[in-house]
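Undergrad: Given next are the chains, with one letter for each unit.
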Amino acid sequence: MDDGYVGRPLPRAEDDALLRGRAEFVDDIRLPDTLHVAFHRSPIAHAALGAIDTKDAASLPGVHAVLTSEDLGESTDLWARLETPERVTFSPRRPLLARGVVRFVGEAVVAALAESRYVAEDACERVLVDYEPLPVVPDVDAALAPSAAVLHPVPSNVLYEHAHERGGVDEALAASAVVIERTFKVARYAAAPLEPRGVLAAPTRDGVQVWTSTQAPHQLQRALVPILGLESERVRVTCPWVGGGFGQKAHVYPEEILVPLLALRYGRPVKWTEDRRENLIASSQARGQVVTVRLGATADGRLTALDADILCDMGAYGVYPHGHLLEVLGTPIMISGPYKVPAVRFRARAVATNKCPGGAFRGVGLAVAAFVHERAIDIVANRLGLDPADVRLRNSVQPGELPFESPTGMIYDSGDYPRALAEALERIGHRDAEELRAGAERRGRLFGVGHAFYVEYTGIGSAVFQGRGMVGIVGFDDVRIAVNRDGTATVWSSLPTAGQGIPTTLAQIVADELHLPPDRVTVAAVDTSAGADGTGTFASRSAIIGGAAAMEASETLRARLLELTSSRLEIHVDDLEFRTGAVGVRGVPATQVTYAELAEAAPEGYLDVVERYDPPETAYSYGAHACMVEVDPETGGVEILRYAVVEDCGRIINPTIVEGQTHGATAQGIGACLLESVVYDESGQPLTTSFMDYLVPSAHDVPTFDIGHLEHRPRELRADYKGVGEGGVIGGGVALANALSDALGVELNEIPVSPETIAAAARKGGRR
Amino acid sequence: MTALRTIRTTVNGVAVDRRVEPRRLLADFLRDDLDLRGTHLGCEHGVCGACTVILDGAAVRSCLMLAVQANGKAITTVEGLAPLDGELHPLQRAFHEAHALQCGFCTPGFLLSLVSRFEQWGPPADDEIRTVLAGNICRCTGYQNIEKAVRAFRDSDWAVS
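These protein sequence lines are chains A and B, in that order. Remember, my numbering sits 1142 above the position in the first sequence when you count from 1. Remember, my numbering sits 88 above the position in the second sequence when you count from 1.
These are calculated hints, taken from the structure and not from any lab test. A few of these clues could be false.
Derived Cβ-Cβ restraints for the label pairs, each shown as a range [stated by the list, open to error]:
{"hint": "1", "chain 1": "B", "residue 1": "D173", "chain 2": "A", "residue 2": "V1613", "range": "32 to 40 Å"}
{"hint": "2", "chain 1": "B", "residue 1": "D215", "chain 2": "A", "residue 2": "S1201", "range": "54 to 62 Å"}
{"hint": "3", "chain 1": "B", "residue 1": "A91", "chain 2": "A", "residue 2": "P1275", "range": "40 to 48 Å"}
As the structure is a prediction and not an experimental result, all values here were calculated from the model. Virtual Cβ for every residue (Gly too), placed ideally from N, Cα, C.
If we strip away everything but chain A, and leave its shape as in the complex, we get (with noise of 0.2 Å):
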């Protein structure tokens, strides 16, 4: 169907209400009689709780209750349940209101229901609390002591812990003809979606309702039904539009909880509105790693072992659903990346701290892994005198070896990876890299080039899920279509939108699939009443699943819609074919039945159907990342000279759409690289609470970038594409680290590299 819809790069069906200003963000949802909810959140780090006072707090005009976790019960507690018992010591329950102790700065303590949410705030002041300091796990090296305090009521603060060996690692090293091994360092980061979370929820007349900025609506309606306790049916979480997610909103949290809880408990509705401190200090936040690698080499360049050594600062707490296993799992089995080593061993380890609990963030675990790797490439290959880009072309997986199974066992199906980076680096300009670097030293700058290949799992199944411990996460998704009686076609899915134009694509799928124009095929806002059950938008899966099922589910409405025709004009359907909107006799253009009539003539007035599709492997998308950079030896300053992407998501659905992710996760890359971090100090004070503090890059930081495509179909699904969400993300700070260390001489090893880092390195460096 190459003359369809899918491939075309057509503009966004859900523009315009976002360009109006008349799209309804959760905050923008009026309600009747609303009670807000604000937070005393822990401004300490690690104490036991002892008395609150809210009496001043309840006393002010226009406060409704005055809450701490007493009210509550602990059978309102998130817990994730993790299925990994050789591996996991324990998965902590998290109160929705802090019970006995609190465990990071930002934990929530008391919350204060009042007729506005500037009462509600002036509650909070009002209140009083004891904290009786603990002692402080501020990293993962203090939680590894010895005499470190334990968060938690098990013997350590390492909560999972998992090792791997495939070949013989230690023979491997000592044969090798070098053997680099050092300390990569990737910052704790926020994901910090422009609108930070929010929920409100009212009471129905036989349960709730819930709208809240989520990217993954029926994980929270499972998680609330028995919190609740009340049947399914009667708990309804609709999906508003969603103001960027990022990962940060794949997880069900305390306020999405407790607001449907005060819901029902006061009969009215409830609203909280996350403000930006709260997103940046109790927000789930993500990475923050220490990775130490061992990497062996032959003399020409050949990978022959790869030995890492992974700890994860998890915060004080896990997710929901999925526990404090994102990072844990995601670095080291993607450690060796694209590359044939012949032998690797890992030991990774989550461990608590007094921080933030850690979630997921665009490109999870892969981020780290791909600094890890990539860094490492670029280390072995200056070390032996080679090129990097030799290096790495020598040792990745080759078109005619796909599909692959890697080093920790992952099969990646598709692509050309060697082709990739050719192509990244063609468009760059490769070949001008001397008379740049020649020009930028005459001028007093330092000139580097970079380049890193990303590997990455997309649309990740049930299975998968099951087999990491996830066992709270069903892995599937469904599509329902319905044929109007205006001849029209609406569309539901699990899938939640925050940006990446699922009402577009999921419409352009469609629209080929039953043979409409796309304008006549409405996607809906996810709700979970509306029948169509699954998982959420994350971990790059909504083309892969939410496309397949829509395909499965147009295929069985094609079924119906020929069935019914042939019936109607007693014509077998064989000697039927498909039109715009109708279906219609061969050979005979006048007649036709419309879609219209056929849905007209249902006893329910319109043809719907659902179908679910739960992918039976992974989809593994990859491409390679080349950028030029100068450096300011004086001020640290980065300039980013040209920038190339070269991507592989399959089959392309909409191109614009494909280049906008990749755009907006390489400036993630580039923020990761240059200018984020969340940073805590020795106590565990939060110390960048604002966008003062933590900065996401502006227009000046990020370049144009040059963004080409390969389109090698996956292996074995049903639909043709591969995940695009991530991978600038995976590839885009590594690539940068790459060029800024060939600019100065000198290994960055840690990210982000602050200006002073940069300048103190050029001093030193032995490029000048």
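Starting from the known structure of chain A, fit chain B onto it as the hints suggest.
TA: Only chain B this time, still in chain A's reference frame:
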């Protein structure tokens, strides 16, 4: 609660007369009292620019102003750029055509910053566009397509209002 004050403003060309608490933020006044919810709050400390509105011609952060400070002034919000259900403003159309928005939460702020810039100082040169954009944060697009939209709007037969 302190005594209410009366303020008179013109919002999107319509005269408005309201009593507000002195501490009420202009953003909250627009969103909650006037139901103009296209003005978004992304940080409430003046950095992200999502809450940008035009006040007597100048782009201002409505999260850093009190409603009482708008007394006697004229305000344009995103709802004032295009008539309800009418044609989009050409800058809005340029954003649509260039895929210059993803989640769209920051978009109203960008639109108003840009309209104010074009009205007050005329069109930016190529090497000025990124500077014009740098006062607003977008977490989704990487800015490339916003720059493209601004360029297309500038090079079209534009008129800001």
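Undergrad: Now tell me, hint by hint, if it's right for this structure.
TA: Results for each hint:
no., hint, verdict
1, B/D173 x A/V1613: 32 to 40 Å, "48 Å, violated"
2, B/D215 x A/S1201: 54 to 62 Å, "59 Å, holds"
3, B/A91 x A/P1275: 40 to 48 Å, "42 Å, holds"
Of the numbered hints listed earlier, the single one contradicted by the structure is hint 1.
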